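Dock chain L against the given chain Y, drawing on the hints supplied.
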Amino acid sequence: MLHHWIVLTLCAAGTLCGCASVTQVEAGRHDRFRNALVESCRSIKASDFQAARGHLRQASTLANGHEQTAKVADLRLVCHGAEALNAGRPREAASSWLAIQDRSLKNQLVGLAHEEGIDLMMLTSNRQAGEGVNP
Amino acid sequence: MKHRRCQILISVVTLLASGSLAWSLAPIPSRAQSLLRERDQLQQDLLRADQAASEAMLRGEDPVELYAEQTGLQEQIDIIQMRLESLAMRLEFDIPALPESIREFDPSQVLDESVGIGRRRAEAAMAHQCEVACGAIVSDMNFTSFLAF
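Chains Y and L, in that order, are what the protein sequence lines are.
So the first sequence is residues 1 to 135, counted in this note's numbering.
So the second sequence is residues 136 to 284, counted in this note's numbering.
None of these hints come from the bench; they were simulated from the model.
Be careful, since some hints might not be right.
Cβ-Cβ distance ranges computed for the label pairs, FRET-style [unchecked claim]:
#, chain 1, residue 1, chain 2, residue 2, range
1, Y, M122, L, L282, 44 to 54 Å
2, L, I252, Y, R42, 50 to 60 Å
3, Y, T69, L, Q179, 51 to 61 Å
4, Y, Q101, L, G270, 45 to 55 Å
5, L, L246, Y, R42, 41 to 51 Å
6, L, S280, Y, R57, 22 to 32 Å
Quick caveat: nothing in here was measured; it's all calculated off a predicted structure.
Virtual Cβ for every residue (Gly too), placed ideally from N, Cα, C.
Only chain Y is shown next, with the shape it has when bound in the complex:
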């Protein structure tokens, strides 16, 4: 009887240790994913889009689940739109930014673009290149 109890206790302890290590690995992965995202956001703010893409590639390999994958996809759209706008292609920028899933991030971009005289909605609906940019 005692022998059984010892075996059971050892099994329980082993399982707990295994779960803990798995949790630790997951936590480490999550932290690394988050750090990669933070770095990519920092690079975007500094207009260093190449570096941002590098961090996003790293984040993509660490992403776990739909939510994290969606965050990477959204930042890729931010990056792509910014690169397009920087290269004088506002329509392409508008279609990228308006495809962002995170509503708060998208609204923020729409508002900031509007402050700069760029109407993202008009740019995606009008045919002529350049329409929507107010002088």
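Same frame as chain Y, now just chain L:
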């Protein structure tokens, strides 16, 4: 004697033929050219009005306004044609025939020609404005809530 007559006849025919060739190849004077341009433009307008009236009639309408437009255009063309014929007789040139079909009109081509310089300048200005705006937008972005997970 008969051979001699044939030679004279051939010479006369050759002379007449070269004369008519010279007549038909006479350059059209600039005054006539501007009239021709005007006539052909009016003819295009008339052909379009014809088509519009025909379409209206097929819809069961009686397009009186279009008939009036067609009549007005036809009268203008006739007046120009008379002036051209008078010029052609005096200055000895051939009048090109009136066009019978509607010329394909590409408004974007005409537009591009007339606004091309302005559009290129605007695009250059816009590219510069976009570059400046991009820097301002991304630097003002706030990722706090996006990263709160």
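Hint check:
The supplied range of 44 to 54 Å is broken by M122 of chain Y and L282 of chain L, whose beta-carbon atoms lie about 30 Å from each other. With their beta carbons about 42 Å apart, I252 of chain L and R42 of chain Y fall outside the hinted range of 50 to 60 Å. Between T69 of chain Y and Q179 of chain L, the C-beta spacing of about 60 Å keeps the proposed range 51 to 61 Å intact. One distance hint, 45 to 55 Å for the beta-carbon pair Q101 of chain Y and G270 of chain L, is violated here, with the actual separation near 25 Å.
Against the hinted window of 41 to 51 Å, the Cβ-Cβ separation of L246 of chain L and R42 of chain Y comes to about 46 Å, which satisfies the hint. A hinted range of 22 to 32 Å holds for the C-beta pair S280 of chain L and R57 of chain Y, which are about 24 Å apart.
Of the numbered hints stated above, those contradicted by the structure are hints 1, 2 and 4, listed in ascending order.
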